[in-house]
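Trainee: As a plain string of letters, each chain reads:
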Amino acid sequence: MNILSLFVLIPLLMLGGLWAARGIKAIRSVMVAGSTALLALSVVLTYLYLSERGAGNTADMLFRADLVWYAPLHIAYSVGVDGISVAMLLLSAIIVFTGTFASWRLQPLTKEYFLWFTLLSMGVFGFFISIDMFTMFMFYEIALIPMYLLIGVWGSGRKEYSAMKLTLMLMGGSAFLLIGILGIYFGSGATTMNILEIAGLHNIPFAQQCIWFPLTFLGFGVLGALFPFHTWSPDGHASAPTAVSMLHAGVLMKLGGYGCFRIAIFLMPEAANELSWIFLILTGISVVYGAFSACVQTDLKYINAYSSVSHCGLVLFAILMLNQTAATGAVLQMLSHGLMTALFFALIGMIYGRTHTRDVRELQGLMKIMPFLSVCYVIAGLANLGLPGLSGFVAEMTIFVGSFQNFDVFHRTLTIIACTSIVITAVYILRLVGKILYGTCTNKHHLELTDATWDERVAVIGLIVCVAGLGMAPFWISSMISDSVAPIVTHLIP
Amino acid sequence: MDYSQFLHMREELSLIAVLVILFIADLFVSPDNRKNGKSPILNTMLPVVLMTIHTVVNFFPSEAADVFGGMYHYVPMHTVIKSVLNIATLIVFFMAHEWMKREDTAFKQGEFYVLTLSTLFGMYLMISAGHFLMFFIGLETASIPMAALVAFDKYRHNSSEAGAKYILTALFSSALLLFGLSLIYGTCGTLYFDDMPQHINGSTLQIMAFVFFFAGMGFKLSLVPFHLWTADVYEGAPSTVTAYLSVVSKGSAAFVLLTVLIKVFAPMVQNWQEVLYWITIASITVANLFAVRQQNLKRLMAFSSISQAGYIMLGVIGGTAQGMSSLVYYVLVYAAANLGVFAVITIIALRSGKTTLEDYAGLYKTNPKLSFLMTLSLFSLAGIPPFAGFFSKFFIFMAAFQSGFHLLVFIALVNTVISLYYYLLIVKAMYITPSENPIPTFRSDNYTRIGLAICTIGIIGLGIASIVYQSIDKLAFGL
Chain A
1 MNILSLFVLI PLLMLGGLWA ARGIKAIRSV MVAGSTALLA LSVVLTYLYL
51 SERGAGNTAD MLFRADLVWY APLHIAYSVG VDGISVAMLL LSAIIVFTGT
101 FASWRLQPLT KEYFLWFTLL SMGVFGFFIS IDMFTMFMFY EIALIPMYLL
151 IGVWGSGRKE YSAMKLTLML MGGSAFLLIG ILGIYFGSGA TTMNILEIAG
201 LHNIPFAQQC IWFPLTFLGF GVLGALFPFH TWSPDGHASA PTAVSMLHAG
251 VLMKLGGYGC FRIAIFLMPE AANELSWIFL ILTGISVVYG AFSACVQTDL
301 KYINAYSSVS HCGLVLFAIL MLNQTAATGA VLQMLSHGLM TALFFALIGM
351 IYGRTHTRDV RELQGLMKIM PFLSVCYVIA GLANLGLPGL SGFVAEMTIF
401 VGSFQNFDVF HRTLTIIACT SIVITAVYIL RLVGKILYGT CTNKHHLELT
451 DATWDERVAV IGLIVCVAGL GMAPFWISSM ISDSVAPIVT HLIP
Chain B
1001 MDYSQFLHMR EELSLIAVLV ILFIADLFVS PDNRKNGKSP ILNTMLPVVL
1051 MTIHTVVNFF PSEAADVFGG MYHYVPMHTV IKSVLNIATL IVFFMAHEWM
1101 KREDTAFKQG EFYVLTLSTL FGMYLMISAG HFLMFFIGLE TASIPMAALV
1151 AFDKYRHNSS EAGAKYILTA LFSSALLLFG LSLIYGTCGT LYFDDMPQHI
1201 NGSTLQIMAF VFFFAGMGFK LSLVPFHLWT ADVYEGAPST VTAYLSVVSK
1251 GSAAFVLLTV LIKVFAPMVQ NWQEVLYWIT IASITVANLF AVRQQNLKRL
1301 MAFSSISQAG YIMLGVIGGT AQGMSSLVYY VLVYAAANLG VFAVITIIAL
1351 RSGKTTLEDY AGLYKTNPKL SFLMTLSLFS LAGIPPFAGF FSKFFIFMAA
1401 FQSGFHLLVF IALVNTVISL YYYLLIVKAM YITPSENPIP TFRSDNYTRI
1451 GLAICTIGII GLGIASIVYQ SIDKLAFGL
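These protein sequences, in sequence, are chains A and B. The first sequence begins at 1 in the working numbering and counts up one residue at a time. The second sequence begins at 1001 in the working numbering and counts up one residue at a time.
Hints should not be assumed to be uniformly reliable.
[Stated by the list, open to error] Below, simulated DSS-like cross-link-like pairs (lysine-lysine); rule was C-alpha separation at most 27 Å, straight line: (1) B:K1035 <-> B:K1154; (2) B:K1108 <-> B:K1035; (3) B:K1365 <-> A:K111; (4) B:K1038 <-> B:K1154; (5) A:K165 <-> B:K1035; (6) B:K1365 <-> A:K25; (7) B:K1108 <-> B:K1354; (8) B:K1369 <-> A:K25; (9) B:K1369 <-> B:K1154; (10) A:K111 <-> A:K165; (11) B:K1369 <-> A:K111.
[As the list claims (entries may be wrong)] With the C-beta cut set under 8 Å, the calculated list includes, among others, these residues of chain A facing chain B: (12) A21; (13) I24; (14) L67; (15) Y70; (16) I142; (17) Y148; (18) L149; (19) E160; (20) Y161; (21) M164; (22) M171; (23) G172; (24) A175; (25) L178; (26) A207.
Simulated from the structure, these hints should not be mistaken for lab results. The structure displayed is predicted, hence computed values, not measured ones. By construction, the Cβ of each residue, glycine as well, lies at the ideal position given by its N, Cα and C atoms.
Extracted from the complex, chain A is given alone in its bound form (with noise of 0.2 Å):
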């Protein structure tokens, strides 16, 4: 049995568990035991990744396992794994393992929410696995579509309308992706569906790169809330339960990098040479819009919302300058975004589920009423501003540092408007802050609320263990995905 296809096993095996379960101590055993088998696992499975290449191993992908599945058409389940999906595969097992806290309490349909969430999670580890195109697509869309229910049954707000437009756009830009797929499996010769042999054969003429790279990227990208089709980003983030959104701002939207990296970088380098500066473009304008636009909102899930657009912009914004420095701040990016709008997220849900609002206009004075969400609250947002020591700092610097290694007048203009986004995030950010933390309360009702039970603590100290950890101790992990981005980058060279 391989390691990597237990990242599957497990998940189906929660979901028969949880099928069978009677009662709400059933289901919370079963998704505890999964989900700490899986984190456990992940860990795991980076001590034997970081073993296994301090032995000499230079393989391109570790661990593989090949099992034909459609032989006349090619198609393989094929897992393997480097040092980029290894970092995300334990960026997803931690939010999957918090996430589960963070929806203890969740009422009603407990049951068929942790199906759903189950499903959703096995998806993304499925995609991170995967090299296989078909399977890797096919695990995408598995990711996608529990979103739909788990927001319409269980969100917030106005959750019908944000389901069906999220699903929606979701579908939309796989369609692309679908079509861009085929695209690239015709155009190496239709031979097989595994990317590192089609990155192997390295045969898909010019002309048809040029079409398959900007679909695949855009199919990938609006999942990466690619402007101008971010917009289900903070509508769907709004109205979703606390440990979706954590989910999706967390893991799900990390899936639109890694793909765009993975497939359309990776597969057509001298279409992406020729055609990114169009996308830089338009993720330039993702990240300073997305900050200008979460000065503005007055809901705390929306600000964060459009912080995600922001930071989600920033990392396809460093694939796209194409050198191993931004790339591997990107992944870097992608791990600390992750980790800390989880963090958000979570805390977001905890203080609304005690204030029943989530308008900052309302809020005020809760450093004194809920000193442990609150001091978390300023944890997470120092480092969504990128104070050093935490997380953010890591990653924006690794990316900036890069994007200003590319000589060009356009490259390094769009490195220095990108970098105002990191004032614009200081600016939100401090206000929010300012605002509903400090100062004195207002309202009566809030005065009596409590503080963070036992199961939010877990949630909230385990995100915050691994941002902080992120931030102190980067290079381990940072020369893990760097060795892993530099195979791909030099492709990219003529």
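Model the placement of chain B on the given structure of chain A, informed by the hints.
Mentor: For chain B alone, kept in the frame of chain A given last:
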């Protein structure tokens, strides 16, 4: 005459045996039992058992053969498509149990089975025809009893009206088709499929003949712009018959169209590809846009089935072997999913008489299992993994893409998003929309449950078990 020739027609013979046994058994039902629907032989059990035996016996293909001087032509692929139709018919029989117990249908349940199997027999002949006369006989055998089935609930105004509509359009389309055939006969001097390609040269008269032929087939498949009868007939017909019409009738017609195009019209490939190109775009897009506005679930599914026929045409358009295998696979998967949806619609319509989208609000609270199965089926129809619909859609897109129809595939893909919208409307009604008086909780009968179980196994298993597609692929042939 060499009677051993008949052995190559074992599928038809075995179906006739089933038909005759049921016909005779029906004669021996006592008048009392007939009235109260408690006939010991016919009460779903006998037809189901016979149909199962028939399906199993004819499951494995035999050697290709030409019978009766080429009038009847058998290739192993025919067994596959016939098995698909058999299984679908079997599921329809399971679904029919509840309906057959009703007072106004109980006394004529024998007729239902005999009529259904007659149409199936017609489709068999159509599939294996090697001559246009044989083909036409099959076509008529398939459509005339169908009109009786559509009008089966004869005390219901809608049903009779639908029957009249169906017979009129069916006859009109047959007339068109026949006119096309006569023109072809005029230019070729023969109606044998094997001899015709050498006379086909794409002359104006032959193109005209092809257009007439295609229009006739278009009616059967309910492709846009020949779809106008579909919504009314689907809505008026009893739900079980609608299910049969949308799956079995459509599936066989699609396969037949592909084989005729490959065998007979091969030299005119450019012409028919162009026709199909536009028809496919029109079918998928128009049907999807109409489906969005529907309130009645049966009408919604009617438009959905028109657009699904458009997707099936993606497998036809290339005329390749991969196109054929993905078409047959698509029909199989579509059968499982669509029959799943119709089984739920049927049982709910019979128990509560409700068929509109609003009525389904809050269904999950009262009937969670039915709603869940409905959701699975709808997701499969929309092409969401890990359900089989995703695989079949992917393969059929792949087949069309391989033949160079990139833009067509893209349009079809964009349309899947629209179709997802209206399928999600049903899901939304069941799970999200609150309701004052939802459909009350009920237990469905065992036959419907078995039918639903087969559908669910198909929806989940057909995609993951790659052996199904691979065995179909081995037998496929193309231009």
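Trainee: Taking each numbered hint in turn, which are not upheld by the structure, reported in ascending numerical order?
Mentor: Hints 5, 9, 12, 13, 14, 20 and 26 not satisfied by this model.
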